[in-house]
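Number of protein chains: 2
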Amino acid sequence: MKLYFTEFHDEGTGIVFKIKKELFSAKSPYQEIKIFDTYTFGRLLVLDGLVMLTERDEFVYHEMLVHPAFYFKGKAEKVGVIGGGDGGTIREILKYPDVKETYLVEIDRMVVDASKKYLPFTASSLDDRRVKIFFEDGIRFLKERGEDFDLLFVDSSDPVGPAKALYSMEFYKSIKKNLKEDGIVVFQSESPWYHLDIIREQIEGLSKLFSSVKLYLASIPTYPGGFWSFTIATSRELVGERDYIPEGLRYYNKSIRETLFWLPEFVKNVTG
Amino acid sequence: MKLYFTEFHDEGTGIVFKIKKELFSAKSPYQEIKIFDTYTFGRLLVLDGLVMLTERDEFVYHEMLVHPAFYFKGKAEKVGVIGGGDGGTIREILKYPDVKETYLVEIDRMVVDASKKYLPFTASSLDDRRVKIFFEDGIRFLKERGEDFDLLFVDSSDPVGPAKALYSMEFYKSIKKNLKEDGIVVFQSESPWYHLDIIREQIEGLSKLFSSVKLYLASIPTYPGGFWSFTIATSRELVGERDYIPEGLRYYNKSIRETLFWLPEFVKNVTG
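Sequence lines, in order, name chains A and B.
Using this note's numbering, read the first sequence as starting at 1 and increasing by one per residue.
Using this note's numbering, read the second sequence as starting at 1 and increasing by one per residue.
Hints may contain errors.
The list treats identical chains as interchangeable, and a pair is accepted whether it falls inside one copy or across any two copies.
Stated by the list, open to error - In silico BS3-like links for lysine-lysine, alpha-carbon gap of 25 Å or less: (1) Lys176 with Lys34; (2) Lys21 with Lys214; (3) Lys95 with Lys18; (4) Lys268 with Lys95; (5) Lys268 with Lys254; (6) Lys100 with Lys78; (7) Lys132 with Lys173; (8) Lys254 with Lys214; (9) Lys176 with Lys214; (10) Lys143 with Lys34; (11) Lys176 with Lys27; (12) Lys27 with Lys78; (13) Lys177 with Lys27; (14) Lys2 with Lys95; (15) Lys164 with Lys100; (16) Lys75 with Lys214.
No lab work stands behind these hints: they were computed from the structure.
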């Protein structure tokens, strides 16, 4: 029997994976969670029918979400992650020896548990003693708290359903409240090929609160359009403060950080 | 009825398009040619089951194949294209007023004829008086000729079947023979996610003949991995010689040309 999983990015195009085996399938209180073993991209995590990560290319997403912010912040002791229950973002954060504690705020405990069992390449980092996991709604968490994070990473789902609130002014204000004055926040911010309107709105919203808001891009073959954007925002200038790059990275390097903010014309046009 | 076209990039992953209508289907002496109208990527040209271009994203491929070479060559009067019967590469070349003549060497007349009828957004450029079309095998053409091109673009199919010879030392020598001493050649050179071995071999081969050989990348959502490479080779230094950028481009711009040669670590590792 041949089993295929297809994600349609819009009504006309999609990506298809040939599946070796379904490893996990369950409905949590929040979403449908599936983990497959694929023929050529290793393990595949799918939430509510959307590709979250594959074993073969997750390194790009996690490296590019995390490492640029560390370049611009010479010292980062306390770091927060909203979402990211698979653990990949935490894995990259823990590569910096100055990090003393990281908070992971993941609403869905089942994502963490399934990841620990089936996605050890990302989730094994979650057992590190510097990691504190809060099984809570990230939006409410930041609204109610007053933390002093050096860096915050919003490793969220796509802005449909409840995750829509992750793209609201109210959420951006909560983020600012939980960041140190010279802190930096980075959002995964969707595909320039499919979600330019979301990118534009997010930049406009963040620009009301932060003086430096910039977009950067990376090649992630299993995400819509194969190209993904990240938005970095802070109240100070984005200047490199740290030479150190962890060993063993497979995407991020010096040539990327030196050229980080290039944008194709069709993207530049919407970022103001 | 719902009609889908799927291209598998390897045995495990592919891209799927929902099709509105098949506009053209024929077998030429060289290949099977199909043109579809899709729901979200406009018209789609498929040769032997592989996506050649879509109306929505072809601008990236054609702009990025052509414009960097013009940046590095301040004057380009005579320009050649091997393959590229759809006309997109010629369209970009003709945006430079110093170009006096362009040769298009396309083996398959039926690709040109079908493109003129169904893909006017690329093919209408082929009626320009500066364009000379040769319906010949590009490999033989360059082997038998002794032209003096300022710029050559190898706008070829994937290296399977007869197109394999486009990645041979013999072909690279023919190219050099048909280039001016300070001429530049650019190859489309496949996907870093699927064809790193081909990229490595091509760079190694070209480096035996040219002193400057460099790889650069662009986001093309309908090509395997959504990320494509181009290899530029010349016997002189690659230094910007031309400030002019044609108006109306949608991908290439100053920020791209200034940061052109960044590479992710996993690609840099194979390019020596």
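Numbers of unmet hints, in rising order: 1, 2, 3, 10, 11, 12, 13, 14 and 15
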